[in-house]
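Colleague: The residues making up each chain are set out below.
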Amino acid sequence: MKKCRKSALVFLSLAMVFSLLISCGSAADSPSGTPGTFTEDGQLVLPTGVEFVDDLVVISDNNKFSVIDIDNPASNVLTNRWIDTLVYDTLVDCVAGKIVPSLAKSWETADSKHFTFKLRDDVVFHNGEKFTAKDVIYSFQRHQAAKGTQAYDNTKNIETMNAPDDYTIEFTTKDVDVDFLMELSNVYTSILNQKAIDADAEKGAWVGTGLWKIVGFASNDYVKFEVNSSYWGQATPTKKLTLKYVVEPSTRLIQLQNGEAQACFQLDQTDYQYAMADPAFRYETVTVNSSMYLAFNMNDKITGDINFRKAVAAVINRADMIQVAQAGFGEAPTDGSWWGIQTEFRNTDIPLIKQDIELAKEYLAKSSYKGEEVEIVAGNGDWVKHAQLAQAELQKIGVKIKIFQTDANGLFAYAKYDGNQAQMVAYVGPFSFSASSIKSFLYPGSVANRASYNNQEVAKLIDQATVTIDVVEREKLYKQIQQIEADELPFIYLYARTTVFIEDKNVGGVRLSADATHDISRIYMVKSK
Amino acid sequence: MAEETTIDRVDDSEEFLLEVKNLTVHYVLETERVEAVNDISFSLKKGRTIGLVGETGAGKTTAALSILNLVPGPLGVIESGEIVLSGNNVLKLSPKQLEKIRGKDVSMIFQDPMTSLNPVMTVGDQIAESVKLHEKVNNAAAYRRAMEMLELVGIPGMRASEYPHQFSGGMKQRVVIAIALACNPKLLIADEPTTALDVTIQAQVLDMIGQLKEKFGTAIVMITHDLGVVAEICDEVAVMYAGKIVESGTLDDVFNHTTHPYTEGLFYSIPKINNKKASLVPIPGLMPDPTKLPKGCAFAPRCAYAFEECSADKLSLRKINQTHSVLCRAYDNPDFHLNLKEGHNNA
Amino acid sequence: MLRYVLRRILWLIPVIICVSFIIYTLLSLAPGTIVDKMITDSTTQAELQEIMAKYDLDKPMVYRYAKYMWGLLQGDLGTSQITGSSVWQSFIARLPNTLWLALASLVIGVGLSLPLGILAAKYSSTIWDNLTTGFTLIGMSMPSFWLGLLLLRWFSLDFKIFPAGGNAGLKSFVLPAITSGLMLMAMVTRQTRSAMLEVLHSDYLRTARAKGVPEKSVIRVHALGNAWIPIITTIGNVLSRTLAGQAIVESVFSWPGIGRLTIEAVEQRDVTLACGCVILTSIIYVLLLLLVDIMYAVVDPRIRAQYQGTKKSKKAVMA
Chain D
1 MKKCRKSALV FLSLAMVFSL LISCGSAADS PSGTPGTFTE DGQLVLPTGV
51 EFVDDLVVIS DNNKFSVIDI DNPASNVLTN RWIDTLVYDT LVDCVAGKIV
101 PSLAKSWETA DSKHFTFKLR DDVVFHNGEK FTAKDVIYSF QRHQAAKGTQ
151 AYDNTKNIET MNAPDDYTIE FTTKDVDVDF LMELSNVYTS ILNQKAIDAD
201 AEKGAWVGTG LWKIVGFASN DYVKFEVNSS YWGQATPTKK LTLKYVVEPS
251 TRLIQLQNGE AQACFQLDQT DYQYAMADPA FRYETVTVNS SMYLAFNMND
301 KITGDINFRK AVAAVINRAD MIQVAQAGFG EAPTDGSWWG IQTEFRNTDI
351 PLIKQDIELA KEYLAKSSYK GEEVEIVAGN GDWVKHAQLA QAELQKIGVK
401 IKIFQTDANG LFAYAKYDGN QAQMVAYVGP FSFSASSIKS FLYPGSVANR
451 ASYNNQEVAK LIDQATVTID VVEREKLYKQ IQQIEADELP FIYLYARTTV
501 FIEDKNVGGV RLSADATHDI SRIYMVKSK
Chain V
1 MAEETTIDRV DDSEEFLLEV KNLTVHYVLE TERVEAVNDI SFSLKKGRTI
51 GLVGETGAGK TTAALSILNL VPGPLGVIES GEIVLSGNNV LKLSPKQLEK
101 IRGKDVSMIF QDPMTSLNPV MTVGDQIAES VKLHEKVNNA AAYRRAMEML
151 ELVGIPGMRA SEYPHQFSGG MKQRVVIAIA LACNPKLLIA DEPTTALDVT
201 IQAQVLDMIG QLKEKFGTAI VMITHDLGVV AEICDEVAVM YAGKIVESGT
251 LDDVFNHTTH PYTEGLFYSI PKINNKKASL VPIPGLMPDP TKLPKGCAFA
301 PRCAYAFEEC SADKLSLRKI NQTHSVLCRA YDNPDFHLNL KEGHNNA
Chain S
1 MLRYVLRRIL WLIPVIICVS FIIYTLLSLA PGTIVDKMIT DSTTQAELQE
51 IMAKYDLDKP MVYRYAKYMW GLLQGDLGTS QITGSSVWQS FIARLPNTLW
101 LALASLVIGV GLSLPLGILA AKYSSTIWDN LTTGFTLIGM SMPSFWLGLL
151 LLRWFSLDFK IFPAGGNAGL KSFVLPAITS GLMLMAMVTR QTRSAMLEVL
201 HSDYLRTARA KGVPEKSVIR VHALGNAWIP IITTIGNVLS RTLAGQAIVE
251 SVFSWPGIGR LTIEAVEQRD VTLACGCVIL TSIIYVLLLL LVDIMYAVVD
301 PRIRAQYQGT KKSKKAVMA
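As they're listed, the protein sequences go chains D, V and S. Taking our numbering as reference, the numbering of the first sequence is continuous, increasing by one, and the terminal residue is 529. Taking our numbering as reference, the numbering of the second sequence is continuous, increasing by one, and the terminal residue is 347. Taking our numbering as reference, the numbering of the third sequence is continuous, increasing by one, and the terminal residue is 319.
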């Protein structure tokens, strides 16, 4: 008996010392700085001396959290982006516009055509398999096979992939690709595990290297996560996370207020007021690069006329639109360029066309408009409000507007480059940080070219810019493109959208990003006394 | 006070089985009052049959329903009177006590056989239900009894498992009678039981009622507007007009020694099979509005013999002999008589 | 009786054909296809054509419909174009949720409405009846959306008794069940009341009373027994609607049911899934109606005789 007790004591004390060491270790993990903020290389500063809540629930609407199926990257449904930041890692990350290491610890390239990456050797997948260069090749091959997806777009330029050893990987791109690293940092270019997918065709893709493991999923309902305790990067105090899709904004508000959910993306305009007035909540906003714009059908008799377009540009009231459609959340531009507000090389020299009714009337008189009815195609929800406001403004100069309202899929179908059926359309343009993203909107023949804009000079300039390595030269080219755009006005930039994130006042650790790849993987909640 | 559920049944063959004393029943509507039954009295001995005769709207059905205290409330109000059945005042019994005597001591059958039966219950079950309510027997025995009753009314017992819609009108009425007599009641109230049936069936049903009366010694209150039916099976007659009994007596009294002008008018209205050339003599005018009954004799406006005092004020019953009474002021004059030539039993 | 049931089930075939054709045509005519959400802004025209070919969207609608019907004939509802998983699986995964909700609404609705309706009829024209009528009018006019949010506000927020939606166990079941149950109750109460009122004036009730049947039994057995037909009809109607997916209640409470599934499929232009959902829902509806008709036969022997054919009933009348 005595012997047992003695060994028990020894064991206990050893355990205590051990756990002390561990906790000391985690304290050292957390960098110094203001609690709740991120450091330059993406580490989160955690508050000290507090207890954290184990189980958190984040809710949103169907644009974000309605996950129909989890199989990144085979599906391009926007909602998977949220899963991806939680479950997988990419080779590199992009923090505040800068490329930082992730699964790759270092890289080099001499000509932006041949790239070599050195990978971490301490990363383990959720199923216990070690991460090697072979997984990178497998994942990228999978991406390249999935035509039509964002992952495909990011990897289609890769010509060869080679792994000289387990932790080195070499790429060659078909053309010079100045944005290659940016593309690799995109959340859709995530790394999957071949063994897992081979073993389980249905759920194999759930396995990643990221901070969170998927433990439960109900299509279009919720996804449940558990923290990956053997994560290679910084640990997080939260143990369980659930992302839930709640259909009605009022229900979301109620779930926030009664504590069922601790954070929420996207409420309705009226509901925002309650949440923001409630001292139990905080809210964060970020102006994303996604912008509302009006596109004209350049092939149409009326809207193809430059004077008509100029008349519309002179009549639009951006402040009203932001107020009515987004409850005041939005950033109006200060210059006249049609460009992402955070995208590089924005040409701020172009003057903004301010609202001037008399000037608008002048332009209209010069145009070939004879009082016909012009149709604006707009989507449901707050999108149609833009069309309604435009209608009201245009009425002041005598332009008759008819609004055709349809849902998202209909909108896609109406305003396509080929067979564009919309004279005017109110749309959202998801620009990225890199200027080359403009190609999809301006290039003739591109699916997303909603104005059927066919300008060969612009096309040439874009092709040139994509392969220009020198930054100064590139900037000149893109600014030139913007000038042509401003002269021809195929699009009118309305405003940049703002994402509003409401959270319990004890919640922190959410990193909103201007390119809308919001990272909630480090969300935490301090237990209130 | 706890509800009384026991009944004391007085069974004295000499005494009256049923005594209706000064019964007044009105229907009280929001703006008017329908004076359906006004101060009627009659009585019936064990095994006897009384015919309650009158036109539609005379108050016969209301009077009959009162005997079971089934006048539909809340509009129907029994203003005053007593109905003594086997020594109990029906009008003062509790609902539970009433449920005990209905179907057991007194049964009622109604005019329209097509709607009197529950369409979703077998006829056997409907008869057995009555049996189970009043006798202490199990389901099987009750059902057997139901089959016996069907045989008694001339329907094969096997048909107890069938539903009312599978029977014709006459057979339905026979089922109704079977239900009514299942527990061997001492009194049966029959409210125009043959009116809805065609003549040949009518004869069958009347015949059967007569046979059952013989077999079980049931007293019957037969409500009808058909004097022929009265002549068939009634021992006594009470003629009703505007809620009052204007003449009552034995069959011989009323038929052969008719006293009331209204009764006379009724007899005149019957076509005479022997005299095909004669014209019908209807009673002129219509029965008065029961919400606006006149002060004096209600029949006076239509009466050929009426004089001023008839309409003046309330009449009182005049006894002609031990069994025969009449409600008519004309008989104040001892020489008064009607113009009837002979008795109408021969007509 | 069996033959009657079989005949009714055979009617399912033309129903399925009609329904699938209508839905397929309508959805194909709507602007936009499923492919629109599957591409990025940088997808080239060539790639777009490739993807469209994968889903046969470059072929005429008739071709796709024929392919679909051929699959249907073999009992294959197809795979959802967006998830890649079988339509049957998606539907079945959600069907129990809707079934449970429908059952709960039925229990609450009918359980409360029958006694209410009976009492309202029995004490008709009294204050009780007027209250019931007012209550049912409110119940029927009130949009379920609004009622659902009200209940959420009171019981989920103010009193914190029930969770606000989702499908996390029994507790989250209560509020949606009450919402759709109350709707059901309003309609069935009205119908029960009218049916009972009609029946209460029947002669056979008078016969029953004259037999000495206690008043309670007169109402419960004799009156109610005859009032079933209109009541069952109403229950059948309302239940069919509930089962077909109370899309609104499911939206307010984020209840993962088949109503929401169908709407989402239509929004995505996932024709296979939408068609499959509507077909399956129609089947449920038809079967429910059949059940209602069978219930008629159970409560009313006259209808039972009808179903059994004329031979038997003729024999009976002749006797």
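Since the hints were derived computationally from the structure, they do not count as laboratory data. Predicted model only: the values in this text are computed from it and were never measured. In this text, a Cβ means the ideal position worked out from N, Cα and C, and glycines have one as well. Fair warning: there could be bad hints in the mix.
[Stated by the list, open to error] Here are some, though not all, of the chain D residues that point toward chain S, as calculated from beta-carbon distances under 10 Å:
| id | residue |
| --- | --- |
| 1 | T39 |
| 2 | G42 |
| 3 | D153 |
| 4 | V246 |
| 5 | L253 |
| 6 | P351 |
| 7 | Q355 |
| 8 | E358 |
[Claimed, not checked] Distance condition first, Cα-Cα at most 20 Å in a straight line; then the derived EDC-like pairs of lysine to aspartate or glutamate:
| id | chain 1 | residue 1 | chain 2 | residue 2 |
| --- | --- | --- | --- | --- |
| 9 | D | K416 | S | E50 |
| 10 | S | K160 | D | E170 |
| 11 | D | K239 | D | D54 |
| 12 | D | K239 | D | E488 |
| 13 | V | K96 | S | E215 |
| 14 | D | K105 | D | E170 |
| 15 | V | K92 | S | E215 |
| 16 | D | K147 | S | E47 |
| 17 | D | K439 | S | D41 |
[To be verified] Distance windows between CB atoms, simulated:
| id | chain 1 | residue 1 | chain 2 | residue 2 | range |
| --- | --- | --- | --- | --- | --- |
| 18 | V | K276 | S | R220 | 36 to 42 Å |
| 19 | S | V298 | D | D54 | 53 to 59 Å |
| 20 | D | G445 | S | F21 | 50 to 56 Å |
| 21 | V | G210 | S | D203 | 23 to 29 Å |
| 22 | V | K272 | S | D203 | 46 to 52 Å |
| 23 | S | S125 | D | V324 | 18 to 24 Å |
| 24 | V | P284 | S | V298 | 33 to 39 Å |
| 25 | S | V298 | V | N138 | 21 to 27 Å |
Colleague: All the hints need checking, so say for each whether the structure fits it.
Modeller: Each hint, compared with the structure:
1. Hint on T39 of chain D is violated. Least Cβ distance to chain S is approximately 32 Å, over the 10 Å limit.
2. Annotation: G42 of chain D was flagged as interfacial toward chain S, and the flag is violated, the nearest CB pair being 26 Å apart, outside 10 Å.
3. Residue-level restraint check for D153 of chain D holds (minimum Cβ-Cβ distance to chain S is 5 Å; threshold 10 Å).
4. Taking 10 Å as the C-beta cut-off, the interface hint given for V246 of chain D holds, the closest approach to chain S being about 5 Å.
5. The beta carbon of L253 of chain D comes within 9 Å of a beta carbon in chain S, closer than 10 Å, and the hint placing it at the interface holds.
6. For the restraint placing P351 of chain D at the interface with chain S, the shortest Cβ-Cβ distance is roughly 28 Å, beyond the 10 Å limit, so the hint is violated.
7. Hint status for Q355 of chain D relative to chain S: violated, with the closest Cβ pair at about 29 Å, above 10 Å.
8. Taking 10 Å as the C-beta contact cut-off toward chain S, the hint placing E358 of chain D at the interface is violated, the least distance being around 37 Å.
9. For the given pair, K416 of chain D sits about 17 Å from E50 of chain S by alpha-carbon distance, which is consistent with the 20 Å threshold.
10. Proposed proximity of K160 of chain S and E170 of chain D is contradicted: the alpha carbons are some 57 Å apart, above 20 Å.
11. For the suggested pair K239 of chain D and D54 of chain D, the alpha carbons sit about 5 Å apart, so the restraint of at most 20 Å is met.
12. At roughly 54 Å between alpha-carbon atoms, K239 of chain D and E488 of chain D are farther apart than 20 Å, so this suggested pair is violated.
13. For the given pair, K96 of chain V sits about 9 Å from E215 of chain S by alpha-carbon distance, which is consistent with the 20 Å threshold.
14. At roughly 14 Å between alpha-carbon atoms, K105 of chain D and E170 of chain D fall within 20 Å of each other, so this suggested pair holds.
15. For the given pair, K92 of chain V sits about 18 Å from E215 of chain S by alpha-carbon distance, which is consistent with the 20 Å threshold.
16. Under the criterion of a C-alpha separation no larger than 20 Å, the hint pairing K147 of chain D with E47 of chain S is consistent with the structure, at around 7 Å.
17. Note on K439 of chain D and D41 of chain S: the hinted pairing holds, with a Cα-Cα distance of about 9 Å set against a maximum of 20 Å.
18. The hinted window of 36 to 42 Å between K276 of chain V and R220 of chain S is violated, with their beta carbons roughly 57 Å apart.
19. A hinted range of 53 to 59 Å holds for the C-beta pair V298 of chain S and D54 of chain D, which are about 54 Å apart.
20. In this structure the supplied range 50 to 56 Å is violated for G445 of chain D paired with F21 of chain S, their Cβ-Cβ distance being about 36 Å.
21. Between G210 of chain V and D203 of chain S the beta carbons are some 25 Å apart, a value that agrees with the proposed interval 23 to 29 Å.
22. A hinted range of 46 to 52 Å is violated for the C-beta pair K272 of chain V and D203 of chain S, which are about 36 Å apart.
23. Look at S125 of chain S against V324 of chain D: about 53 Å separates their beta carbons, and that is not inside 18 to 24 Å.
24. Taking 33 to 39 Å as the suggested C-beta distance range, the pair P284 of chain V and V298 of chain S does not conform, at roughly 57 Å.
25. Between V298 of chain S and N138 of chain V the Cβ separation comes to about 26 Å, which falls inside the hinted range of 21 to 27 Å.
The earlier numbered hints that this structure contradicts are 1, 2, 6, 7, 8, 10, 12, 18, 20, 22, 23, 24.
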